[in-house]
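Go by the hints and put chains B, C, D, E and F onto chain A.
Chains as they are written, first to last, in our numbering: chain A, 169 to 426; chain B, 169 to 426; chain C, 169 to 426; chain D, 169 to 426; chain E, 169 to 426; chain F, 169 to 426.
Derived from the structure by calculation, the hints contain no laboratory data.
When chains are identical, the list treats them as one kind, so a pair holds in a single copy or across two.
Dumping the calculated SDA-like pairs for lysine to any residue here, alpha-carbon to alpha-carbon at most 25 Å: (1) K171 - G276; (2) K171 - H356; (3) K171 - T416; (4) K382 - P337; (5) K382 - N248; (6) K382 - L250; (7) K171 - L355.
From a predicted model like this one, the values you see are computed outputs, not experimental measurements.
Number of protein chains: 6
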Amino acid sequence: MEKTRISELAWPEYAQRVRDGAMVLIPVGALEQHGPHMSMNPDVLLPTAISERVAANIGGLVAPALVYGYKSQQQSGGGNHLPGTTSLDGNTMINVVRDVLRELARHGVRRVTLVNGHYENSMFLTEGVDLAIRELGWSGVHDFRCVILSYWDFIDETTIRAIYADDFPGWAVEHGGVLETSLMLHLHPHLVNMDLVEDHPPAEFPPYDHFPVKPELTPASGCLSSARRATAEYGELLLRVAVEGISTALGTAFDPAT
Amino acid sequence: MEKTRISELAWPEYAQRVRDGAMVLIPVGALEQHGPHMSMNPDVLLPTAISERVAANIGGLVAPALVYGYKSQQQSGGGNHLPGTTSLDGNTMINVVRDVLRELARHGVRRVTLVNGHYENSMFLTEGVDLAIRELGWSGVHDFRCVILSYWDFIDETTIRAIYADDFPGWAVEHGGVLETSLMLHLHPHLVNMDLVEDHPPAEFPPYDHFPVKPELTPASGCLSSARRATAEYGELLLRVAVEGISTALGTAFDPAT
Amino acid sequence: MEKTRISELAWPEYAQRVRDGAMVLIPVGALEQHGPHMSMNPDVLLPTAISERVAANIGGLVAPALVYGYKSQQQSGGGNHLPGTTSLDGNTMINVVRDVLRELARHGVRRVTLVNGHYENSMFLTEGVDLAIRELGWSGVHDFRCVILSYWDFIDETTIRAIYADDFPGWAVEHGGVLETSLMLHLHPHLVNMDLVEDHPPAEFPPYDHFPVKPELTPASGCLSSARRATAEYGELLLRVAVEGISTALGTAFDPAT
Amino acid sequence: MEKTRISELAWPEYAQRVRDGAMVLIPVGALEQHGPHMSMNPDVLLPTAISERVAANIGGLVAPALVYGYKSQQQSGGGNHLPGTTSLDGNTMINVVRDVLRELARHGVRRVTLVNGHYENSMFLTEGVDLAIRELGWSGVHDFRCVILSYWDFIDETTIRAIYADDFPGWAVEHGGVLETSLMLHLHPHLVNMDLVEDHPPAEFPPYDHFPVKPELTPASGCLSSARRATAEYGELLLRVAVEGISTALGTAFDPAT
Amino acid sequence: MEKTRISELAWPEYAQRVRDGAMVLIPVGALEQHGPHMSMNPDVLLPTAISERVAANIGGLVAPALVYGYKSQQQSGGGNHLPGTTSLDGNTMINVVRDVLRELARHGVRRVTLVNGHYENSMFLTEGVDLAIRELGWSGVHDFRCVILSYWDFIDETTIRAIYADDFPGWAVEHGGVLETSLMLHLHPHLVNMDLVEDHPPAEFPPYDHFPVKPELTPASGCLSSARRATAEYGELLLRVAVEGISTALGTAFDPAT
Amino acid sequence: MEKTRISELAWPEYAQRVRDGAMVLIPVGALEQHGPHMSMNPDVLLPTAISERVAANIGGLVAPALVYGYKSQQQSGGGNHLPGTTSLDGNTMINVVRDVLRELARHGVRRVTLVNGHYENSMFLTEGVDLAIRELGWSGVHDFRCVILSYWDFIDETTIRAIYADDFPGWAVEHGGVLETSLMLHLHPHLVNMDLVEDHPPAEFPPYDHFPVKPELTPASGCLSSARRATAEYGELLLRVAVEGISTALGTAFDPAT
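Okay, chain A solo, but in the shape it has when bound (with noise of 0.2 Å):
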């Protein structure tokens, strides 16, 4: 199988891989709490477990993740108050992906994937990218694509279904639940103690938000749902189907001929 990580080949290699049209993809994480039983990294973890799997399967390569993200917000991440999480501010953020991108673009890379894990990034993400096209377009690159997806909008309905049955909470209390915990009980269970889940019902928010945030309002674990129900089984099939998801879009995303 060929290599997928960029920072471990050789340069002539990459530039060879590169000349042959290589998409790049780009894991986007953070160093954020998941709770008691968990590590803080699987918001770095799983996307660079996705993208390479999935660079893997399309013959593209895979760029050293950025693992610090945006701050963590309370309703998706349970706040960035919280001891562990470390962010960075939204104009760092945005300015690191346009930094990045601008160069692989300088390489001859002209297919992007930005893999995110965290949430909060998502508009960060967004911007940086646009600030990179509009840059690269003053440079004369006018065919430079990107895609910004996270992984588990992936994973389709028949699989939350089996994994969740009624009790889907949504995603954006998965946070430190059962679809990151599933993964990473599949991917690095020795960064995960089931014995130190806390088991309590999905974090309930106003539908607003408050600045500073009102610690009570997410669960002392940290996590906004229970991974109580977690297995390594699930993150098997969580992971097959976002890679396979993720694969298949990525060959419609980047048709030429769209």
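What follows is chains B, C, D, E and F alone, placed relative to chain A:
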């Protein structure tokens, strides 16, 4: 009835209201195409109308709306490539929010609500608020509180069912659709021409974003769902539900006991 | 009469107007105290009113006003320490102008006029325009033209004499004075209460600026000269002179032969 | 006579002078064309000469001049399209001022005067000072005071009349004219060649600014009025008047009782 | 042995370690070509390996590495024009460092060491640290301490002589040379292919930098000196010396008595 | 001899010189303490003197020096905590360089040399040059070339041996030492007082930087090595060697054949 618009107060009136503890609402919108049947200002006019009614209910003040917003995204607003849509860079938007909040705090205001009418603004409002609170902390102001909300999050299931029956397409594609058009028909009927509504099924998008946008994915109208069923009566209902919901929620949000 | 407000057009109307070569006027103001006798929005309402009349005269369009401006200075606006005055940092103001011009140019607009109603904005408008023209050049747009004007610069000597006789204090201290108050009395009389005008001689300042401001140098009213002699009739005259002067000037300014 | 130039002091001398409460003057200029008869540095040399004399009078210190300024504007400096004129972006200028003031405050300086010699700098100096004072406040420094002045504002009516009789064209068009040329003839005669003065009436401009500039509006010389009547004697007079005026004014400006 | 990787801790473990006063090391590297014989990640992997061993020695923690660094310079890294090298703008790099330090300080961390593996990062780390300390001061945190080091500065003369005898070319041209290759052979032998080492004399450069780079000054390999003599044994030695030197030095650096 | 100072040329002279292809040298320094025996401007005066002599040799021009530089670091300049040292933030420094280069390029200049006199500036000059070249490329200017050099890098081994015999401490600690003091004694003897030289061994530092600085590591003089052996004769020699070396090097650097 007490005046609510800050811009229409003389400064001694404003100063007194602030000393009395008035909360300030800031409508945040965009200049964005909303289809051939409607003006480009619903994202400003609707949160403004709601803010003024909420302010009247709870004794608040309304600051001048932020009338330019963040870039329209294809899956929520049709895309920023469309004519008329006039947007700010992410960092500009962040800094506008930060600056205005910093000034309100200087006046003595301690409770502000950003009433959002343009989906894409949300995360940039969040960052602007975060930076403002950080700077205010540096200035020794530690009791400044801010709520960010989007008015459609206060439309309850009952109302949705009353209007859409079983066909609610989700807020995601409600750009230029029944919600906004009904509200505009009720509030600013001269800015809507129902004869020009293009009736088409809700736009369908893949589970990722591609940049630059593929224009063919946005319906030619620029709307993401059809406004054909919009009526002024629905608008009246939606307005009432939003205003009541927000008025109540802000009482809780800013309850000193929380 | 053709519509002039961009925000009230549907996008196909706007797109057509731009294709037809319409010039765009952007009123630029501030949220700034203007004395106990007047609302805090004259710097927005006056250039807006003028812009709309000029647009009607010459077939132009009016973009939504920039309603927050640069920090009030003591010798021209009383100072930014005063309650109600709500200002942007210089760099924020610059970037807002740059962004909006960039977007208008993307639509195809090639002639824009910034109609300023707040003295302190001028140099930041200049820089915003300079940055926009620079970036547009990078994008291959080399025919974008922009005029910056302040409406009071179009009040001629005859009009000044008709209103002030020999007592014209200079525009520098006309903050909240006869000019603005007369225009507001004509255009928005419900936002003026002449009973609350504080009659005092024009403020006198040393030939330098001291920071932080010495508050005692600003009259307690916040105005820099007395509005006592303001009348709606003067306002009507001033409006007519400004509108005529600007309408004529823009014909010359944008004459393709120059 | 005590030394005045900070750059020529050894640090223990400087530290002592700061402990003794010395005020610091910072000349602020530009590298800007000033016509075919004069070097491009009058905006630096003139405020520097004035600052040193004022410092000698009042026991102050002079920091190295800011030798690059904001972009030359057509109606005050001929325009930034002219060869030789070398300017900073607005935000760069703002940050230079902020940084230098922050450093002086760190040394213990509490009173600074920016002595401006380039009209276009003014508002960017203002913003730089505002940001510096804001940051110093965050650092717990609340007694930092700053004066911004332009030296020509200290030329009184008597002097104007003595030099220009009834032909004073206004400072606005005094770019490369009698004021600057006379001062340079007095202070740096080898940098002036009166044989190359181009005698033309003062430039006339419309009451607005057009961007990009229309080069034909600037006299071919680059000056906005004629320096033909400039003399070293006038320069001596102007220098004396400015130095005396500023020396006196700063006593008042920084009077602890105000 | 205690865990050292922050990313692999659950938040309660991390919070406890921080309360116990743990020092945090942040490896800082780059994605940069290192010749045809080696992967592009030694600047990340080497300081990471060193940081983890130092952390194990002294009870510290290791934060996720900064994997993108400042632009490669020709005389230290071959130049930023080379394929694969993927760098951040200076200001982006500064802000990433500032943001991460600010967050660690929010968690309660008070001692951080930046372990640099990419020469060009140094001054941007310095500025990032300076800005972080400034902002922390504004937040009332005055006891935050930070060390910046580059691991090769801990290779002593004895070790240099043991490895290079009399042919030490200086760290300046050790890009992709014996130092880095030996360390990689010891730590990650599968990422090195000694058969592809190009043997050439150390690059020679003039005593200045020319921009844009003259590509012919960089050896075709992209390395600045030959790795031919690299061995895993040297790598083991270098690692031990660096780890011991840094472990000892940090004891002194953070000695509360200093 | 042709004039070399841009600031002392009238614009038509400058424009002609640029049309004739003149190279421009920009001295870059700092306002930084250099011990009790010397003024705080050697980092400006020395590269200025060198630049003017080089310019005379090769027909170049000298732009006004950048007189404020990046923050003094303890191991190269004593540290930025010392009184008198007055520094810019990194991003400010970067932008000043970018702006000035952009302007020179607008005039038609295509070859610029930054002659650095303050060690800490180097990487920020590099980034400023990189940004300028990027922006110039966007403007269609692709033949702009820039050299960055530090003058001490042109002092050859022979000269070092002639001055220091076997005691050369390395440029790193030559802050306020024999090099700079000798050059100042030769060029500006009134700014040096040899009686105040503090004779101490070269400062010794650990192989890392600690922030905030530990002030006790910097000798009380602020110098990093003793200037006791400095003489005007050494200064004359050093100046001649630097000027000759740089004059020759620039011929090669800008050789169109390279």
